[in-house]
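Undergrad: Sequence:
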Amino acid sequence: MEKYLYLGVNLFTISFPLVRSFEQRIQYFKNWKFLFPAIFLTGSFFLIWDHWFTKLGVWEFNPTYILGIYFFDLPLEEWLFFLTVPFACVFIYEVLNYFFPTDPLKAFGKPFVYVMVPFLLGLGFMHLDKLYTSINFLIGAGALVTHFLVFNDKYLGKFLFAYLVHLIPLFLCNGILTGGLTEEPVVIYNNAENLGIRIWTVPVEDTIYSMTLLLMNISFYERFRNQQTFQSIES
Numbered sequence: 001m002e003k004y005l006y007l008g009v010n011l012f013t014i015s016f017p018l019v020r021s022f023e024q025r026i027q028y029f030k031n032w033k034f035l036f037p038a039i040f041l042t043g044s045f046f047l048i049w050d051h052w053f054t055k056l057g058v059w060e061f062n063p064t065y066i067l068g069i070y071f072f073d074l075p076l077e078e079w080l081f082f083l084t085v086p087f088a089c090v091f092i093y094e095v096l097n098y099f100f101p102t103d104p105l106k107a108f109g110k111p112f113v114y115v116m117v118p119f120l121l122g123l124g125f126m127h128l129d130k131l132y133t134s135i136n137f138l139i140g141a142g143a144l145v146t147h148f149l150v151f152n153d154k155y156l157g158k159f160l161f162a163y164l165v166h167l168i169p170l171f172l173c174n175g176i177l178t179g180g181l182t183e184e185p186v187v188i189y190n191n192a193e194n195l196g197i198r199i200w201t202v203p204v205e206d207t208i209y210s211m212t213l214l215l216m217n218i219s220f221y222e223r224f225r226n227q228q229t230f231q232s233i234e235s
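For reference, each letter of the sequence shown is one residue, going 1 to 235 in this note's numbering.
No lab work stands behind these hints, which were simulated from the structure alone.
Just so you know, these numbers come straight off a predicted model, no measurement behind them.
Among the hints, erroneous ones may be present.
[What the hints assert, rightly or not] The calculated lysine to aspartate or glutamate pairs, modelled on DMTMM-like cross-linking and capped at a C-alpha distance of 20 Å, are: (1) Lys55 <-> Asp103; (2) Lys3 <-> Glu183; (3) Lys30 <-> Asp129.
[Said to hold, decoys possible] Estimated spans, in silico, between C-beta atoms of each pair: (4) Phe71 <-> Ile197: 29 to 35 Å; (5) Asn190 <-> Leu149: 30 to 36 Å; (6) Val145 <-> Phe100: 24 to 30 Å.
Using N, Cα and C, we set each Cβ at its ideal position, and we do this for glycine too.
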């Protein structure tokens, strides 16, 4: 049964959001036409990044905990990760938007960008010898700047709220994948390529990796939804 662990994490991640997609208040399923193109575009970028880092030995996948089905050197479960995690995270984003329509963190959106971008750029350039740290932080800074240039602070407060809430399931799921509950990790990180700082068993870099993943999905998601709204107004 060990070989089903990573698959099980994926199924656990998507199970509740999928079941509640048809709930009458949120009606998440009505936004799938915007969500799945966003997931596809973001996932394509991350899978290329993932494949590159796997080939370079930045991380690897423990064969004990996966089915052994590979596409382009990545296990099936890793491909599913970039579907199940964004699906669940954007669900969190939509639920928070429904229950907190006033955008309670809007005032913190711009300061978050102003602080995080130089912070990530500084750490990224300081640790160019560590691939996961440097590339991850530099891409994170680039994603924040790009989002800000396109949307200004329209969605930043909502994104920040969802990001903070999503850290809870992030540490739970990534903790399982990085060996928090097993003798060996599912995803094995090469510590020479990161700072070696762990929260439970999760590399601190994962918080920025997940930030970028969430931000890119929300950016595309809201872009597609805005286009639909604009077209409806024109017609």
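Undergrad: Honestly, do Val145 and Phe100 meet the 24 to 30 Å range at C-beta?
TA: With Cβ atoms ~26 Å apart, the hint holds.
Undergrad: With respect to the beta-carbon atoms only, verify the hint that Phe71 and Ile197 lie 29 to 35 Å apart.
TA: Given a distance of about 32 Å, which is inside 29 to 35 Å, the answer is holds.
Undergrad: Sort out whether Glu183 lies within 20 Å of Lys3, counting only the CA atoms.
TA: Holds: Lys3 and Glu183 sit about 14 Å apart, inside 20 Å.
Undergrad: For the pair Asn190 and Leu149, does the Cβ-Cβ distance stay inside 30 to 36 Å?
TA: holds (34 Å)
Undergrad: Given the hint that Lys55 pairs with Asp103, does the C-alpha gap stay at or below 20 Å?
TA: Violated, at roughly 42 Å.
Undergrad: Lys30 and Asp129: Cα distance at most 20 Å?
TA: Violated, at about 45 Å.
Consistency note: the structure conflicts with the earlier hints numbered 1, 3.
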